[in-house]
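Each chain, letter by letter, is given below.
Number of protein chains: 2
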Amino acid sequence: MTEYIKDGAEIYRQSFATIRAESDLTRFPEDVAKVVVRMIHACGMTDLPNDVAFSPGVVRNARAALQAGAPILCDANMVASGVTRRRLPKDNEVLCHLQDPRTPSRAKEIGNTRSAAALELLQDRFEGAVIAIGNAPTALFHLIDLIEAGAPRPAAILGIPVGFIGAAESKEALAATDLEHLVVHGRRGGSAMTAAAINAIASEEE
Amino acid sequence: MTEYIKDGAEIYRQSFATIRAESDLTRFPEDVAKVVVRMIHACGMTDLPNDVAFSPGVVRNARAALQAGAPILCDANMVASGVTRRRLPKDNEVLCHLQDPRTPSRAKEIGNTRSAAALELLQDRFEGAVIAIGNAPTALFHLIDLIEAGAPRPAAILGIPVGFIGAAESKEALAATDLEHLVVHGRRGGSAMTAAAINAIASEEE
Chain Y
257 MTEYIKDGAE IYRQSFATIR AESDLTRFPE DVAKVVVRMI HACGMTDLPN DVAFSPGVVR
317 NARAALQAGA PILCDANMVA SGVTRRRLPK DNEVLCHLQD PRTPSRAKEI GNTRSAAALE
377 LLQDRFEGAV IAIGNAPTAL FHLIDLIEAG APRPAAILGI PVGFIGAAES KEALAATDLE
437 HLVVHGRRGG SAMTAAAINA IASEEE
Chain P
257 MTEYIKDGAE IYRQSFATIR AESDLTRFPE DVAKVVVRMI HACGMTDLPN DVAFSPGVVR
317 NARAALQAGA PILCDANMVA SGVTRRRLPK DNEVLCHLQD PRTPSRAKEI GNTRSAAALE
377 LLQDRFEGAV IAIGNAPTAL FHLIDLIEAG APRPAAILGI PVGFIGAAES KEALAATDLE
437 HLVVHGRRGG SAMTAAAINA IASEEE
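Line order of the protein sequences matches chains Y and P. If you're matching positions, the first sequence starts at 257 in this note's numbering and goes up one per residue. If you're matching positions, the second sequence starts at 257 in this note's numbering and goes up one per residue.
FYI, nobody ran anything at the bench for these hints, they're computed from the structure. A few of these clues could be false.
If chains are identical, the list can't say which one is meant, so a pair holds when it fits in one copy or spans any two.
Claimed, not checked - Computed list of lysine to aspartate or glutamate pairs in EDC-like fashion (alpha-carbon distance at most 16 Å, straight line):
no., residue 1, residue 2
1, 346, 460
2, 364, 263
3, 262, 365
4, 262, 460
5, 346, 404
Okay, chain Y solo, but in the shape it has when bound:
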């Protein structure tokens, strides 16, 4: 039998202390730093801050939107599943339309992935929403195109898709817009990191 810490609150406390001791968070405003800490906690990598880029109002805007009851629109069920419901200030809706019966046919119509089509089907909820892309670069590219073509503007976009084809480019495209955003440049990203960012924005409680 190995001895180990079994107290969840103590594990959190020591984890966050380790992250703050080992990560360079100096270039982040305090509200963004808290989000980055939780993202590091979700991936175990203290060099993550090097790849984080953001617009200065992203956390403030996203938090205000959630406090006003805005929905969280996700590109993947894992992102939605990772959002801790008790941290949400207004029991906010957390939506992912991948399983929507209209998604496969819409994907064919637009010649894009199901992830891109599923996000498009939420277009009438974009206005003032918090959008969390943690998986599919195509969903992020398509989101940017929809907004450039006149779709309603969300309060903030977390652009954290992962992978080898399009991920880095889609995050560069988002960072080049005037939309409130937070991205992890390069190939890294994913649903755990993205849900962690939402959880940090939703409540200031560490």
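Starting from the structure of chain Y, add chain P where the hints point.
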């Protein structure tokens, strides 16, 4: 408007080709290599193989168990959510008991986290199961202790918890047992990587 690849199958094909070109998979048997490829795909990091350790029969055993209808027992809802149901050979059950009403009181009784208690509540399903730990080191430590104390032996354990407190140690403890296992040593891990491993084991289709 940025040009990007919109064909999901082509994105997969190019992603896996990039991973195989950039990763050193030479020390893995082919069945394990396919699992590692999909784990890399889920995290965007081609250096992941350096941290992977495994028992030679882990994929063979886990796959045979799923083909015989064994359940997949998860420590986190995100892991369960990431399992692609259509890849499962027998419409296998995917279980996580974190939301079970007995979990909080059981956690208090055993003086451990809810994750550890939730897994313990699945103890009567351990026999021949595939157990996927993608979040909580305490769940993995407790699982090893339960089996050492006489709980039924699973077919295979994926031990891929993430983080700063106990994660590395819990994976070392698993790798030191005679249980069929696959681990990612160190701090890295998480639900996306773990679900990807299950998805690779469930079906040989890339």
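Cross-check of the supplied hints:
| no. | hint | result |
| --- | --- | --- |
| 1 | 346 / 460 | within (14 Å within a copy, 43 Å between copies) |
| 2 | 364 / 263 | between (49 Å within a copy, 10 Å between copies) |
| 3 | 262 / 365 | between (52 Å within a copy, 12 Å between copies) |
| 4 | 262 / 460 | neither (24 Å within a copy, 38 Å between copies) |
| 5 | 346 / 404 | neither (29 Å within a copy, 45 Å between copies) |
Consistency with the previously given hints fails for numbers 4 and 5, ordered from lowest to highest.
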